[in-house]
Structure formats: structure tokens, C-alpha cells
Amino acid sequence: MNDWLEITNLEEIPVLGSRVVETDTVNIAIFRGKNDAVYAIKDACPHKNGPLSQGIMHGDSVTCPLHNWKISLTSGEALGPDEGCTNVYETKVEDGKVYLRNSI
Amino acid sequence: MNQRSRQNLVLIGNGMAGMRTIEELLKLEPEKYNITVFGEEPYGNYNRIMLSPVLANEKTLEEVMLNDDDWYRQNNIRFEKGNKVTEIHRTRKEVTAEDGTVVPYDKLLIATGSTSFMLPLPGADKYGVIGFRDVKDVDTMVEAAQHYKKAVVIGGGLLGLEAANGLMKQGMDVTVVHIMSTLMERQLDEPAAKMLQASLEEKGMKFLMDHQTEEILGDERVSGLRFTDGSEIDADLLVMAVGIKPNIELAQHAGLHCERGIVVSDTMQTFDPSIYSVGECVQHRGVTYGLVAPLFEQAKVAANHLAELGYARYEGTVTSTMLKVTGIDLFSAGDFHGDEDTDELLFHDVAGGTYKKLVIRNNKIIGCCLYGDTIDGTWYFQMMKDGTDISDFRNTVLFGQAHLGDAGHGDETRVANMPDESEICGCNGICKGDIVTAITKKKLFTLDEVRAHTKASASCGSCTGLVESLLAHTLGGDYSEAPSKKPLCGCTELTHDEVRVGIRKLGLKDHDDVFKSLDWKTDDGCAVCRQAINYYLLCEYPEYNDPESRFINERAHGNIQKDGTYSVVPRMFGGVCTPKDLRAIADVADKFDVPEMKVTGGQRIDMFGVKKEDLPAMWKDLSEAGFVSGHAYGKAMRTCKTCVGDTWCRMGTQDSTGLGIKLEELTWGSWMPHKYKLAVSGCPRNCAEATIKDFGVVCVDSGYEIHVGGNGGIKVRVTDFLIKVDTEQEVLEYCGAFSQFYREDAHYLERTAPWIERVGLDKIKAAILEDEENRKALYERFLISQKPAQIDPWKERAEGVEANQFKAIKIKA
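Here the protein sequences come in this chain order: L and Z. So for the first sequence, the numbering used here puts the first residue at 25; every next one is plus one. So for the second sequence, the numbering used here puts the first residue at 69; every next one is plus one.
Watch out, some of these pointers could steer you wrong.
[Claimed, not checked] Per the computed footprint, the stretches of chain Z lying under chain L, defined by three or more beta-carbons under 8 Å from a beta-carbon of chain L, are:
| # | region |
| --- | --- |
| 1 | 296-309 |
| 2 | 593-601 |
[Claimed, not checked] Residues from chain Z that keep clear of chain L, each with C-beta distances beyond 10 Å, as calculated:
| # | residue |
| --- | --- |
| 3 | Glu317 |
| 4 | Glu408 |
| 5 | Asn842 |
Don't read these hints as lab results, they were simulated from the structure. The structure displayed is predicted, hence computed values, not measured ones. We treat Cβ as the ideally placed atom computed from N, Cα and C, and that holds for glycine.
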């Protein structure tokens, strides 16, 4: 079985923006940073399940649109004084295509 | 950077000011220096302003520690605890400590603080005669309380009263001796001081006013005092709290220029450019400070320069005072005595224990003195620092900010007397006890920190005053709230106004340009500044839009709901509709299984629970039926509410519905600093509630009254009357001009009501009424900005713009 799932072309994700990947079990938010780094995180804030994909991305974190929690896109942890953690997934970019590690 | 290539930074004095500087520096440049800290006291740094509660048995020493040994280790800071620096060699750039340790420095920071000023009285060297400054003094007092009964405190100022209160809590019989006829004469006027004295006497404190000490009596240990009038009093413990004296001996010895304190410039530099100094030991522009807020501002500036950013300047601090005695609410700031050019606003309820005095010069607050009810202290203080013109609400200002009707807080105003379980923040359900615990356990100092940790006042903000009061009351003594100059967010030191001026002056074109040219600390900002900058840029360049810097509502053109679905509100100009319109909306609701519909307060229909992927198809149907976006989701022009007017109503004087439609056609689609609502009422009965809208028109038989700056919401504010005009065309011009002036002048996320209160109605009158040319130019600019703004965002997206954001990528996994 293939370890890496092809998701989309990098160009289909706006810089400092996101796309939602729907699987049978979970929704994943894929973010693209300023330097074209790609992050994948479960599309649910550890606070009240807000859709992180709809938040504003900055650096390597995202601010949840519901109550402004800041979540690290590298660790899935809430930043600052808030406490909580959500899943993150491995990604890679090759030849302009975005891949997600099949660990879902 | 490896350890060797770093420069050496040495801090003398691990008190609040010095350590705050180090903390600020670590935030900016964690790897620039090898840091060594010398502390004379055998502790990590602690919160000195909390010593009074420690003495009063309300807190333990552990609770007031700020950084323990672990913290120093984790941050790779060499901590010379209990080791006093005895010499600074400026030519060799070294410091030498008591135990012979020599540490070289590239930069030196002196934060030696201050000591209690001890009166040079005969007998002042006896046992049992102490100051009130550090943990050692507190220990001595606690110890004395176990063996002795009678304590005397010399000094009826802030510190003296806090010491006296603490000793009383330790079970001692305490007398306060004061040379003046009233207490805290530097902070209180006579009536407030008398009320304070009465409440303290009720608690059991005794006073000897107008008494000057001549001699301290006793053999080895103090046994009493003799006054200049010959009378005597017994005392087993004598605390001198008559003031503080900057510790400048070390600096003076090293040849640094000192007067009362170590003289520093606006960059916190001493006369030796590699030596900085902060805290109670410094003298800046002729002033020495003994309160916390100035120290923190100084720390920020010193850190900025140690990090070699080099742009921060310290320009002095306006300070305020609170007394940290449980159950006593007292607040004072500025010039509370006044002179022949000032007015006084006064409220004095002797029986109720409330006293409020504001000193006014040229309609601006220059001082205040509050006793009993201090909830509005921070508000008055802010207006004092901002130089707010209070002429518009001068007759109600004494009743406080809440007088205007804060939703959700009842009439609770005395934080000191509230029980722990009383709810402060209604949005987040945070009680007084939660906030106080967070402040003390997590060592919070600022409103922003309290917001971050507890969420109190972080949502609608209506309880900000209460939270600030709690913060002030818990920190007590010398707390003074947020610095007068408030940066836009943590990514910059610049204020809203400075960012705006920067964009205009430097002709900055996009976000990256702003970040680069204005020295942003982060690469791509944060959720706060990106949205504000997006607004300021689009206000300058009407075509500008960076979707990723907009809140999701403005990106998805719908209101995100708690379950992640969206709501859809089509625009109904002036609230008018036809059966065909209603049928079209009903069909759309059926087709997309809308679970709930509601008529909104803005006279239109809201469809809830729409999935994001359905939005473009829904908009297509609505667009074909003739609807455009209602912008119910945006910091934008929302609705124009109307009554039926003279077409149907027997009271109506003008065609209010028709005028409302024209106003909505003029303004719809406009992005604003905050939401923006209009209304037109057909007669003074005002059924459309035009006097609580951002721009309201009340029709009268002879024309149209224009009212501005009202809102419902958290703090209801009734509009100010702007002008009466004769024709609909004039109403439209004034509306465009006022809207544009607001767009160009207000801060992002500031509604018209707080904006007008901040800048004053006179400024708006000057721009719009008195300067016809300017009014026409504003109106013109509004029309230009409306061209791109009135391209319906729904129709565009129904036709495929930004299609990606509405489409999920589906994969099998």
C-alpha cells in the first residue's frame, strides 16, 4: 500500500490560506505558509471543535475563527496560556504536488 | 549563535525593573547575550508591590515570587544570588562583587532600586526600628508581632498605611504618626483623606496627626517616641515609611552622573553609553518614580535598545494610585487640587461613604480623586491621559461609564466588596475569584495578560473596567493600567494611528510592504494586525483586498456559526420587499434545506445553518432573483432601517422609506472600521430608532435632522445631533461625507460611538459642517471607493471567483 496520498497541486492552496481535505473519517485542514511549507492539521480546534481551516494563518500557527485560540501547525498544541492539542499529519511537496502521509 | 560570540550583559539588582527588562529582552533577542544577574537579597526576584498582602497574611512569599532559581537555569542566566556588586570599573568594563567575583560586560544594566528613607532621629539605630521595603523588613515585622504588642508607624502615606494595616492583621496595636493634618496628602484631598481615616479608625487603627517625632526612646530596643510637643507614646516596633531614596552610591562611585537618582536619557542610557539603568534608582527628565507602571515602560525601552532595535523612547509616565487595604477603594491621579483656572466636579455622600472629584481644565480631566466607588478610576485616568474633551457628557461623567447602560453587569460597581463568586465577565462566565486567583498564581500584571489567561473581558469587552479595577485592586499600591501608548498588537510597537500615517506617508501598497517598512517583529503578522492593515490599505486603495488577511466571515461572505455552518442574509433595501422576493427566498430555503429562518432587527431575513459548499449555488439563485449580499457578516455598512413614512402613516412627515432606500443604495457594500448601521424615521416619534444608529435621519415637517454616533449593543449610546438640512440630496451628501470621514479617521474595530467620544464631536463638525470644500471632497472619495465595493461579492462567487475555498478535496483513506 502506498504510504503517501496525493492531495492536490500546491498552486490550489492560497499562500497563507488553506483547503479542507475530507476523508471518510476526519476533515483535515491543509495550510500553505509564505515559504511554501505545507502543514496538515485536524480541522477541529481543541477548544470547541472550531474549523481551523477557516482561521487566519500566521507564521506556523493558525488563529481559530470561533474564539481566537492560537494553534501550532507543527505540533497541534494550543499556544500561549490556552491548553489543548489536536492531531497534525505529515506532509511533503514534490514536483508541485502536495502529499499527505497515509496514517489516517 | 554560539555562546562565545555572544556579548556579555550584566544586571545589577534582580528586582522588578531589572528582571522585567531581561524578560522583555529575551522575548526580542533570546540569544544575543550571556547574561549574569547579581542580586543582593537571597531570593529570586519577587513582586515587591505584593509585600503588603504578605505582611497582612493574605499571601505567602512563594505566591509573590516571580522567577525562581529554575527560571534562571532554564534561561541560561548566571544568577549570583545574595552577592552584592561593590564596584563598577568602567574603563575595564568589569564589575566586582562582595565575594571577589569579577564579571566583564559589554553592556551593563543598573537596577539597584531604592531603600526606605530613614529619618535621622536620635535613637534611629535602636533594635526594632525598621523601614518597609523588602522581605527582610516583613520578616522583622512578623517576628515582632509574635513577641510584642505595640507598633508605631511614622508616615501616613501609601506605604505607611499599608504597613500599618499589615501589622494590625498580625495582631498588633498600631498607631500611625503623621506630620501633616491629613493622610496621603500627595494622593488625596482633605474630604477623601478624612473619609479614609474614618474607615481605618473603624478597623481599629489609631492616628496621631500633626505630630512630629523628636526622639526615639529606649535602651537597646525601641520603647517609645517623644514628639516635639513633649508628649510621648509607647512602641515596641517602629516602622519608618516616610519615603524612598534611590540607591545611587554604586553608580556615583563609578563616576556616573547622578542627581537625586542616576540620570538617564529617553533611551534609558546613563552618561556612559554602554551602561543602562531602569527602575526606582533612575532620574528621568528630573523625575524619580516609585511605582510599578513606569518601571515596566522603562524596562520595555531598555530592552528595545539592548536588543539593538533602537527605536523605543521613554517619555515619562502619568501615574495613578490605589491603596492595597482590603475593603477600601481609593483611586487618585494627576492634579486633584486644581487652581483658579480649573473647575471641580464633585459628588460627596458622607453617609454612603462615596466621594468623587474630577478636576477639569478646558473641558479636559487633569486630575481625579475617588473614594468608596473607584470603578471608573481607570476610565477617568484613560481620558486624562488621552486628553479627551468631556464637554459632551460633562453633566453625567461623575456617574461613570456604566451610567450609559452597560448590558450584563447590573449596577455592581464596588469590586472590593464583591464576593468571589460574583460574575465579572458575562460572556465567558468568569467570576471575581477566578480572576484574582489567576492574577496572583500566574503573576499577571496587565489587562492583556488577564485576558489571555482567563478570557475575562476578552469577548465583548464590556467588563473591561471591572477587570481593570480588579487587577488594580489585587496588585494594589502602585498599579497603574495599560501604558498610554497602546501598540496595535504584539507584532509592533506602533499604534493604529502611527500605522495609518506610515501607510499614507510612505505610500505602502500591501501587507508585506507594511511589515518591512514599519519594522514588524513577525514575518507575516498575526490575526489582529493583518485584518487591521487590510482595512487601512483598502481604505487608501479601494481595490485592495487580501482575502487571507480577512476574518472568515468576510472571506466566505457569510456569518460563521458555532457549528461551522454559515448564515445567509440577502439585502432588502430599506426593508421593503415584494411577494415575489419573499417567494424567491422561500424557494431557496426549501431547496437548500435551511433548518431555521428568522427576521432580523435590521428588517431582513436570515437563513441559518447553510453548509459552506452550498453557499455559491444558493447565492446564484438569490442573485438571479435580484438580491445582493446583505453584508450581515462584515465590518461594513449593514442595513438602513426605516419606518413607513408619509406614504401610509398618518403621522409621517416625509417619505422615510424612499429616503432609506436611497441611503442604502448609496452606502451598501462599503467596508468600514466596524459595523455601520443607518435608519430613517418619518417623524420625531422615531419608530426606526434612528437615534441609536451610526447615521440616523429623523424627518420633520420642515426637513431632515441628521444624527450620528449612536449604537445599541453593549454600551447604548444615543446619537449626537449633527445638522438639520432641507433636501434629500443634502442628506445623501452628508451621509457620504460622514461615512468617509469615519472610514479615514477611526481605528479598525472602533464603532462610531467610541470614535466620536475619543476625538470629540467638534472635530467631526469641523470636518463636515464648517468646511464645505472638505465635505464635498470626502463625499467624492466615498463615491470613488464605492465603485469597486458595489460589485456584489455573492454574484462574483456564484460565477466562480475563489471557487476553491468552497470546495473540499475529497480523498479515500
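Right, here's what the structure says about each hint:
{"no.": "1", "hint": "296-309", "result": "violated (count 0)"}
{"no.": "2", "hint": "593-601", "result": "holds (count 5)"}
{"no.": "3", "hint": "Glu317", "result": "41 Å, holds"}
{"no.": "4", "hint": "Glu408", "result": "51 Å, holds"}
{"no.": "5", "hint": "Asn842", "result": "36 Å, holds"}
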